[in-house]
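Participant: Put together the whole structure using the sequences plus the hints.
First to last, the sequence lines map onto chains A and B.
Mapping to our numbering: the first sequence position 391 is 429, numbers consecutive.
Mapping to our numbering: the second sequence position 52 is 83, numbers consecutive.
These are calculated hints, taken from the structure and not from any lab test.
Keep in mind it's a predicted model, so treat the numbers as computed, not measured.
Ideal Cβ positions, reconstructed from N, Cα and C, are used throughout, including at glycine.
Please note that the accuracy of each hint is not assured.
[Claimed, not checked] Ranges between beta-carbon positions, derived for each pair: (1) B:G149 with A:I318: 46 to 52 Å; (2) A:F424 with B:E52: 33 to 39 Å; (3) B:R49 with A:L60: 37 to 43 Å; (4) A:A417 with B:D64: 20 to 26 Å; (5) A:E442 with B:E54: 23 to 29 Å; (6) A:A417 with B:R252: 55 to 61 Å; (7) B:M50 with A:L41: 43 to 49 Å; (8) B:R93 with A:I333: 43 to 49 Å; (9) A:L384 with B:L172: 35 to 41 Å; (10) B:H223 with A:M42: 29 to 35 Å; (11) A:R57 with B:H223: 43 to 49 Å; (12) A:Q428 with B:L172: 22 to 28 Å; (13) B:N177 with A:A397: 50 to 56 Å; (14) B:D253 with A:L41: 47 to 53 Å.
[As the list claims (entries may be wrong)] Subject to a maximum C-alpha distance of 20 Å in a straight line, what follows is the list of computed DMTMM-like cross-link-like pairs (lysine to aspartate or glutamate): (15) A:K429 with B:D43; (16) B:K121 with A:D362; (17) A:K229 with A:D186; (18) A:K429 with A:E345; (19) A:K429 with B:E102.
Okay, here's what each chain looks like letter by letter:
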Amino acid sequence: MLLMTLRIALRALARNKLRSFLTMLGIIIGVGAVIAMVAIGEGAKALVRAQIASLGTNVLVIVPGTVTQGGVRTGFGGVRTLSDSDAKAIMEEIPSVALASPALRQVNQIVAGNLNWSTVVQGVAPEFQQIRDWQAEEGRFINQADVDGAAKVALIGKSVADNLFGNEDPIDAVIRIRKIPFRVIGVLGAKGQTGQGTDQDDVVMIPYTTMQKRIMRITHVQSIVVSAVSAEKTQEAQQQITSLLRQRHRIQPDQDDDFFIRNLSDIAEAASNSAKVMAILLGSIASVSLLVGGIGIMNIMLVSVTERTREIGIRMAVGARSRDIMYQFLVEAVVMAASGGLIGILLGVGSSTVLNRVAQWPTLISPEIVALAFFFSAAVGVFFGFYPAQKAAHLDPIEALRYE
Amino acid sequence: MVQVEDLIRVRDLHKVYRMGEVEVPALSGINLDIRRGEFVAIMGASGSGKSTFMNILGCLDRPTSGTYFLEGQEVGSLTRDAWAHIRNRKIGFVFQGFNLLPRASALENAELPMMYNGLRGGERHQRALEALSLVGLEGRLHHTPNQLSGGQQQRVAIARALVNRPSLILADEPTGNLDSKTSRDIMELLHHLNAREGLTIILVTHEADIAAYAQRQIQFRDGLVVADKRSIQPSAISG
Ligand SMILES: Nc1ncnc2c1ncn2[C@@H]1O[C@H](COP(=O)(O)OP(=O)(O)OP(=O)(O)O)[C@@H](O)[C@H]1O
Ligand SMILES: [Mg+2]
Numbered sequence: 039m040l041l042m043t044l045r046i047a048l049r050a051l052a053r054n055k056l057r058s059f060l061t062m063l064g065i066i067i068g069v070g071a072v073i074a075m076v077a078i079g080e081g082a083k084a085l086v087r088a089q090i091a092s093l094g095t096n097v098l099v100i101v102p103g104t105v106t107q108g109g110v111r112t113g114f115g116g117v118r119t120l121s122d123s124d125a126k127a128i129m130e131e132i133p134s135v136a137l138a139s140p141a142l143r144q145v146n147q148i149v150a151g152n153l154n155w156s157t158v159v160q161g162v163a164p165e166f167q168q169i170r171d172w173q174a175e176e177g178r179f180i181n182q183a184d185v186d187g188a189a190k191v192a193l194i195g196k197s198v199a200d201n202l203f204g205n206e207d208p209i210d211a212v213i214r215i216r217k218i219p220f221r222v223i224g225v226l227g228a229k230g231q232t233g234q235g236t237d238q239d240d241v242v243m244i245p246y247t248t249m250q251k252r253i254m255r256i257t258h259v260q261s262i263v264v265s266a267v268s269a270e271k272t273q274e275a276q277q278q279i280t281s282l283l284r285q286r287h288r289i290q291p292d293q294d295d296d297f298f299i300r301n302l303s304d305i306a307e308a309a310s311n312s313a314k315v316m317a318i319l320l321g322s323i324a325s326v327s328l329l330v331g332g333i334g335i336m337n338i339m340l341v342s343v344t345e346r347t348r349e350i351g352i353r354m355a356v357g358a359r360s361r362d363i364m365y366q367f368l369v370e371a372v373v374m375a376a377s378g379g380l381i382g383i384l385l386g387v388g389s390s391t392v393l394n395r396v397a398q399w400p401t402l403i404s405p406e407i408v409a410l411a412f413f414f415s416a417a418v419g420v421f422f423g424f425y426p427a428q429k430a431a432h433l434d435p436i437e438a439l440r441y442e
Numbered sequence: 032m033v034q035v036e037d038l039i040r041v042r043d044l045h046k047v048y049r050m051g052e053v054e055v056p057a058l059s060g061i062n063l064d065i066r067r068g069e070f071v072a073i074m075g076a077s078g079s080g081k082s083t084f085m086n087i088l089g090c091l092d093r094p095t096s097g098t099y100f101l102e103g104q105e106v107g108s109l110t111r112d113a114w115a116h117i118r119n120r121k122i123g124f125v126f127q128g129f130n131l132l133p134r135a136s137a138l139e140n141a142e143l144p145m146m147y148n149g150l151r152g153g154e155r156h157q158r159a160l161e162a163l164s165l166v167g168l169e170g171r172l173h174h175t176p177n178q179l180s181g182g183q184q185q186r187v188a189i190a191r192a193l194v195n196r197p198s199l200i201l202a203d204e205p206t207g208n209l210d211s212k213t214s215r216d217i218m219e220l221l222h223h224l225n226a227r228e229g230l231t232i233i234l235v236t237h238e239a240d241i242a243a244y245a246q247r248q249i250q251f252r253d254g255l256v257v258a259d260k261r262s263i264q265p266s267a268i269s270g
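Facilitator: Below, the structure written as structure tokens:
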């Protein structure tokens with residue numbers, strides 16, 4: 039019975055191909071746009087999430103803040119307030135902190151043999167390895183002895199190794215930073231690009247003490263990277279670090295902090311919040327377009343019921359019950375909406391695949407969204423087909439037969 | 032129980048059409064009994080209420096008052112669905128304007144009533160074929176109505192009326208749109224169905240020679256039965 043109703047519906051729709059297609063267009067465009075937009079949104083979200091995860095959600099970064107000195111506000115990061123002893127104190131005195139490492143960075147020219155390469159040189163402590171979960175792929179990481187002795191040793195990133203050494207083994211080779219020779223002790227594992235497209239592997243790491251004394255000739259540190267014992271403890275660690283640093287820096291209760299703590303879980307939360315806003319936005323676009331599509335279907339179904347009044351009369355005269363007529367028109371509306379949904383899904387998946395291939399946009403098609411879109415378009419058919427079908431089913435047989 | 036033998040039993044049937052303030056009486060108290068196996072012709076001037084009466088007999092329309100028993104069952108109190116069931120199983124309707132689905136083939140049109148009683152596809156097909164060959168259209172199965180002559184279209188309609196093996200055929204001016212030769216063919220077919228298959232046939236016509244095929248002629252005037260006569264020997268049948 040359902041199969042036959044389906045066949046009647048398909049034939050009725052095929053009779054007015056252009057009209058059926060135009061009616062479905064609302065649903066097609068709506069569903070297609072939603073699938074494509076969600077794919078783009080999900081792709082972006084997944085990328086951001088992966089980046090944040092690669093940084094570690096339990097990581098805090100302390101940078102010097104602004105400070106008012108004699109009425110003059112110095113710029114962000116312009117004060118030399120942080121020291122390596124701050125890092126040590128944070129690590130030793132705060133229980134919710136697992137590790138802390140000073141971090142300094144400067145762009146420098148690296149020379150190896152007759153090749154040179156400009157890259158970011160980072161001064162770090164051994165703890166940095168665990169905080170950023172960044173292992174040496176070959177050789178070893180910087181150790182405490184390197185830091186204590188301000189040793190002239192360096193770890194090079196994958197990109198630096200490729201550019202300066204090619205296929206040669208860089209271990210124990212000598213590179214020069216500002217004419218100072220450094221022995222290569224290891225090659226860092228590849229991390230890939232950040233969301234902004236910077237190559238994280240284009241880096242050289244040396245002990246922070248060496249960086250302070252030999253490269254930058256400073257005694258303070260540019261930033262301190264901290265990892266909390268767990269992601270949940272990050273908030274607590276942030277508060278405790280604040281009070282410890284205020285105490286160490288002798289900041290009066292009425293004065294502002296002379297440092298600033300960046301919390302990656304805040305960034306993660308902001309990202310997931312904006313993703314949520316995006317999802318609500320997409321959802322409302324989806325419902326508006328499905329609503330418009332549904333109204334189109336209802337309109338055409340009402341026209342169709344009027345046009346086919348006589349057919350309805352004939353069917354009733356030979357014994358069709360109200361519910362038979364009801365099913366017939368409802369199935370027609372659902373077939374129209376659901377095939378619109380299907381075409382829309384194909385269109386959405388197709389266009390997001392093209393965006394991904396051609397424009398290199400990260401897109402992610404979740405099967406849930408596809409299933410939901412299909413279900414929703416079918417539901418739109420039921421909802422907006424109901425009234426016209428009801429109208430057809432309740433026609434008076436004799437009136438319908440007399441209809442011209 | 033003599034009444035049980037009556038296929039149709041109508042008592043004091045009234046139908047009043049209300050058009051705004053004006054009331055148009057179409058039937059003004061019809062009393063009629065029709066036995067199983069009868070071939071009845073209803074005649075009368077235009078507007079005398081013949082179609083109105085047929086539509087009520089066919090469970091397509093409700094009377095304003097009065098009772099209608101079909102096979103001993105009072106029909107007036109039944110639900111819409113029960114009416115649909117009666118139209119489907121007990122009655123075959125043949126209209127002046129054929130009322131076929133324009134885009135469906137002869138075969139599909141003949142199958143239509145069986146789509147609403149749960150018969151399987153094979154059985155539907157078989158019965159439609161039988162009915163179409165009974166009316167002499169086995170060679171036109173896949174023609175749509177506009178590819179058929181008026182007489183052929185009316186045969187399809189008759190086949191459609193027969194497929195669910197009803198006991199009653201209601202035909203409102205079935206030859207009204209046909210020429211006299213084709214009309215005679217259709218009447219021969221109806222006569223055959225009555226004589227051989229034992230179907231009860233009620234037919235509305237304006238023409239005396241068409242009415243002559245029936246054994247009983249009923250005259251309507253202003254919504255009332257004014258004459259009801261039986262002819263023992265149907266005069267128009269030649270062979
Ligand atoms: N839907 C309607 N609304 C109002 N009046 C109607 C309606 N149908 C029929 N009538 C009136 O009821 C009366 C009987 O009509 P009916 O169609 O039964 O006549 P008839 O005997 O079949 O006529 P004809 O021989 O022309 O077919 C007429 O006066 C007609 O005008
Ligand atoms: Mg009439």
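Participant: Confirm or reject each hint.
Facilitator: Checked hints:
1. Taking 46 to 52 Å as the suggested C-beta distance range, the pair B:G149 and A:I318 conforms, at roughly 48 Å.
2. Take A:F424 and B:E52: their Cβ atoms lie about 36 Å apart, and the range 33 to 39 Å holds.
3. At about 42 Å, the CB distance of B:R49 to A:L60 agrees with the hint of 37 to 43 Å.
4. Roughly 54 Å separates the CB atoms of A:A417 and B:D64, a value that falls outside the hinted 20 to 26 Å.
5. Between A:E442 and B:E54 the CB atoms are about 25 Å apart, so this pair conforms to the stated range of 23 to 29 Å.
6. At about 58 Å, the beta-carbon gap between A:A417 and B:R252 stays in the expected band of 55 to 61 Å.
7. The hinted window of 43 to 49 Å between B:M50 and A:L41 holds, with their beta carbons roughly 44 Å apart.
8. Evaluation of the 43 to 49 Å hint for B:R93 and A:I333 yields a failure: the beta carbon distance comes to about 36 Å.
9. A hinted range of 35 to 41 Å holds for the C-beta pair A:L384 and B:L172, which are about 39 Å apart.
10. Taking 29 to 35 Å as the suggested C-beta distance range, the pair B:H223 and A:M42 conforms, at roughly 32 Å.
11. One distance hint, 43 to 49 Å for the beta-carbon pair A:R57 and B:H223, holds here, with the actual separation near 45 Å.
12. The hint said 22 to 28 Å for the Cβ distance between A:Q428 and B:L172, and at roughly 35 Å that hint is violated.
13. For the hinted restraint 50 to 56 Å between B:N177 and A:A397, the CB-CB distance of approximately 54 Å keeps it satisfied.
14. A hinted range of 47 to 53 Å holds for the C-beta pair B:D253 and A:L41, which are about 51 Å apart.
15. Note on A:K429 and B:D43: the hinted pairing is violated, with a Cα-Cα distance of about 34 Å set against a maximum of 20 Å.
16. A hinted pair counts as satisfied when its Cα atoms are at most 20 Å apart, and B:K121 with A:D362 qualifies at roughly 19 Å.
17. Between A:K229 and A:D186, the direct Cα distance comes to roughly 28 Å. Violation of the 20 Å bound is thereby established for this hinted pair.
18. A C-alpha spacing of about 13 Å is found between A:K429 and A:E345, which places the hinted pair at or below 20 Å, so the restraint holds.
19. Between A:K429 and B:E102, the direct Cα distance comes to roughly 32 Å. Violation of the 20 Å bound is thereby established for this hinted pair.
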